[in-house]
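Read off the chains here:
2 protein chains.
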Amino acid sequence: MTESYELLEPEKVAAYIDSRADLAARVDTSTLDVTEVGDGNLNLVFVCKDASGRGLVLKQALPYVRLVGPSWPFTPKRAVAEARAYEVHGRFAAEYLPEFYGFDEPRYILAMEDLTDHRVWRGALTDGERHDGAAADIGRYVARVAFHTSLFGIEAKAVKELAAAAISPELCEITEDLVLTEPFSGAERNWFQDELAAAAASLQTDELKARAGELKWAFMTRAEALIHGDLHTGSVMVRDGSTRAFDSEFTFYGPVAFDLALPWSNFIVTLARDAVLGRAEHGAWVETLFEELWDAFEAEFRSLWPGVVDPRVFNELYLERWLAQTQRDAAAFAATEAARRIVGLAHVPDLETLDVEPRAVAGRAVIETVKRLLLDRPDTAGEVRAIAREEVARG
Amino acid sequence: MTESYELLEPEKVAAYIDSRADLAARVDTSTLDVTEVGDGNLNLVFVCKDASGRGLVLKQALPYVRLVGPSWPFTPKRAVAEARAYEVHGRFAAEYLPEFYGFDEPRYILAMEDLTDHRVWRGALTDGERHDGAAADIGRYVARVAFHTSLFGIEAKAVKELAAAAISPELCEITEDLVLTEPFSGAERNWFQDELAAAAASLQTDELKARAGELKWAFMTRAEALIHGDLHTGSVMVRDGSTRAFDSEFTFYGPVAFDLALPWSNFIVTLARDAVLGRAEHGAWVETLFEELWDAFEAEFRSLWPGVVDPRVFNELYLERWLAQTQRDAAAFAATEAARRIVGLAHVPDLETLDVEPRAVAGRAVIETVKRLLLDRPDTAGEVRAIAREEVARG
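Keeping their order, the protein sequence lines are chains A and B.
Quick note, the first sequence lines up with residues 72 to 466 if you use our numbering.
Quick note, the second sequence lines up with residues 72 to 466 if you use our numbering.
Treat the hints as calculated values from the structure; they're not laboratory data.
Repeated chains share a single entry, so a pair holds when one copy, or any two copies, can fit it.
Simulated pairs of lysine-lysine, DSBU-like, Cα-Cα distance not exceeding 35 Å:
| no. | residue 1 | residue 2 |
| --- | --- | --- |
| 1 | Lys148 | Lys83 |
| 2 | Lys228 | Lys442 |
| 3 | Lys148 | Lys228 |
| 4 | Lys148 | Lys120 |
| 5 | Lys120 | Lys83 |
Isolated chain A, as found in the complex:
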């Protein structure tokens, strides 16, 4: 059932801003320039700038999947989840998020900082750009979320109530199906290059299905922290000295490792792209990002640990084991996300923009990396990097 509410149009945006007390003073609507930039599939996104350069962004959830149209209805309640993530995460990780200006719940419209002086990290990596420190920033963001929304950082009762309020079965189902099932089970909507048919088929073994099953069960039952839930490089904006995670509509109480896994999976894809384009220097830099992300996560998490709410059995030794398990789980989740970008429904421009032959070479390298991550069960960021490098070098 598709919900009915009024969708924004560019020419109505100025009047809409004037109508919202929390927004009207932020821009001069008499000189407003409005551009619809939504390249996503699920939302309208309007960048609004006035003549003096002040701006804001409005994001409105569509009640259906735009790629498919109104025949695939899709709950706009995800905007409630996204607003919750900005609000909660903003309490302890504001520097890694767009500033959040407010939420119009009846129309599912979020208002937030204009970050058009940033660019999407995925595009930057695809273009061979370096943004030093972005991976570390994301590691710190994930650490803050992991600590401050989990049993480590807040009272159990608050965690349980927040987790219950944050259930998000419809959004989670997308991840459960597209990331954690279909690359390994096969699916009508899977697609891939003809050249990758054998590689895609090689993912559908009993062993890899069982591994995906373990990860899916973990994703669906482990309510650890209010994770971002979709933290691939398309959900991160970068500019020198600034890194912001956005599009947190997939947020729910899930395993912390999942938020570390998605950037890692993109580093694998970028490495494969760099290799087939002969971008050795960029590739060498991308290799450093696996550990940069993890090390920053770990250092930040350790720095927060002395504040653990209940240290009686969550002791230092437990911390070591929790970190080790989280690192292992991240490696495995990264494999599932990488797999789906090659053989699942939603691919990424990082590889799709390549010519046929290098695209197939890169795709095969990613698939071989996926299998080794799931079968060899690496323990560390360094081992994940080494496996990806080996498979990419095999070309």
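Add chain B to chain A, keeping to what the hints say.
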């Protein structure tokens, strides 16, 4: 804050039953015999029988902990949880529960089948009785719950909504503290025989604290199934050919292994009692219960598996791993429950009724078993049994 509602008294029970449409026809209140039998700490329990032998039980949650009195308030909302468990579990495991007659939510009164022709399993084991098949019945009950309330047996959306509705922070906190923390951290309210001071102190190592931390994290974050949550042998009634689990007020979405662990921990205690009393034959029989419980659980779970809702990655190989992990986790949870019965706040008559010296011998054997279960990490019911037997034989 203590809630205010009218508590039942024996002389008012007949009128109360007459006032409830769902109960009035079940007994003849003009010939009613009412006995208050609550030996628990948290509830009033009235057994009501009429002259023709028909009966029912009323259980009313107290708003405080009776052992301590009104100075320790305690949410009577746990009766809502218990009613939910009877209702949900009754759909697929009715033969292992008392028949549930209804719930008076404003006064937190549950009405259910009179099982006074049964006896509490704990007492039966303590007295050296055999009830063949009871362990297997409980294994099957746990299997039905594990399957039919988890992602394996019902749609994800239903699981998530039920899990959110079933959060129970106050009841869970009791288990988190008494079972999963205090035996290993020490606590003001811990108590034990003077003779066991060294044994109790030996539980407070960094390694055992970290193991308890792992289990506590699992208990608090793994929302697998609507488990009973307090399935020790004091929560089971037995009669030849009939086994019923009751007192499910600790129910919440938690790890399946916990429900297998609590009976196991009691078998350990019973073995220790049998050994010091020289009850070799009963002890040999109790030894068989570890595997009887597990094997019945496993067989029942396997028999349900073909109905798995989403078999795409939850394949046969995944099932083997899930069962193996659940068995390992049960061994570890059993250790924490056994520990708390020796050194924590709430002991059990199985050991407390022994004379000083045999009680100390039995207590030490249990503590040594606890440590080995946590440090050796046994994989199977048979290994748990073997460890318990060795430690008990050491005497």
